[in-house]
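2 protein chains.
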Amino acid sequence: MPFTVAVLVGGIACMAPATGQADDDSAPISGLKLPSGYRDWRVISVAHEEGKLNDLRAILGNDIAIATSREGKLPYPDGAIIVRLAWSYDPLEESAQAFGHPQSYVAGRPKNGVQVMVKDSSRYAASGGWGFAQFDDGEPVGEAVQSTCFACHSIVKARDFVFNHYAR
Amino acid sequence: MPFTVAVLVGGIACMAPATGQADDDSAPISGLKLPSGYRDWRVISVAHEEGKLNDLRAILGNDIAIATSREGKLPYPDGAIIVRLAWSYDPLEESAQAFGHPQSYVAGRPKNGVQVMVKDSSRYAASGGWGFAQFDDGEPVGEAVQSTCFACHSIVKARDFVFNHYAR
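Top line first, the protein sequences correspond to chains A and B. Those letters in the first sequence? Residues 1 to 168, per the working numbering, in order. Those letters in the second sequence? Residues 169 to 336, per the working numbering, in order.
Misleading hints may appear alongside valid ones.
[Said to hold, decoys possible] Below, simulated BS3-like cross-link-like pairs (lysine-lysine); rule was C-alpha separation at most 30 Å, straight line:
1) A:K111 <-> B:K279
2) A:K73 <-> B:K279
3) A:K157 <-> A:K33
[Stated by the list, open to error] Some residues of chain B that are not near chain A, with every Cβ distance over 12 Å (derived):
4) D246
5) D288
6) S289
[Said to hold, decoys possible] The following label-pair restraints were derived from C-beta to C-beta distances:
7) B:S290 <-> A:N54: 39 to 47 Å
8) B:I232 <-> A:A125: 39 to 47 Å
9) A:R109 <-> B:D231: 23 to 31 Å
Just so you know, the hints here were simulated from the structure itself, not pulled from any lab data. For glycine and all other residues, C-beta sits at the position ideal for the given N, C-alpha and C.
Sequences are here, hints too, so could you generate the full structure?
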């Protein structure tokens, strides 16, 4: 059970894997970059992670991903890109003061990196057609996340490995 | 203190006011409509409300609002529109099963209406230049929200009555 939890947390956060997985560095995701302009993309959904992650997050998509998510017609086609931003989970000072306890939580500083999944059914055939990457302060954290991200996203294989539905 | 809390909750949710405030129906916000295409607007921030509201929310802005929010140069100019969407705060089934308790919360069904604030310093001079409205299932809930929204947003008057900062 501890392993299961670790994989899940790793997947949701796409954390770098523990030691002993160095071979994953050879995963074929070289060149997967943080797409330009992603902060201007439209919203697929929003979420909150508890526990160690403790963040508020927005899941954005490029035009292809938005169209597919909105229509709900899976799988996502090649070219779809989904980006997950996250921020610290901060109580809103004014409401906390008024209520005497936190009532409103808002996005604070960037946290837990920016994560990207790119659909390319040929290139990433071994991982459901998705390439995964994480960027901390704009820099990739290493290609080993490919396997840890994929391991967790596999629990929603029936949804083409994408956790979030389009929030209507 | 109960009144303070009620106003705050009412403001954050822009709930319809209690009885005894019927005069607010004459607030000059007639014609304030749900802007077309708002679901495609860019993200200012995301948030979570606890308690009775119990939702996940996204705060979106039109181009004017996004530019001002991003630059942080207040006040917002006329023409700025901010829209707050909200959804039920749902545990992600898959992670809850794996952890034995909720870990990830995702956006569920639409909840607590869609709220809009529009900057027009002449028309809404009496409320800091902002007009407020709420739409439930696309229909305005009544003009009385103008006063309840404004009452709560006044606690962040120093931020031009806008709770959320741009999430970078």
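Results of checking the hints against the structure:
no. : hint                          : verdict
1   : A:K111 <-> B:K279             : holds, 27 Å
2   : A:K73 <-> B:K279              : holds, 24 Å
3   : A:K157 <-> A:K33              : holds, 24 Å
4   : D246                          : holds, 23 Å
5   : D288                          : holds, 25 Å
6   : S289                          : holds, 23 Å
7   : B:S290 <-> A:N54: 39 to 47 Å  : holds, 44 Å
8   : B:I232 <-> A:A125: 39 to 47 Å : holds, 45 Å
9   : A:R109 <-> B:D231: 23 to 31 Å : holds, 25 Å
Checked against the numbered hints given earlier, this structure breaks none of them.
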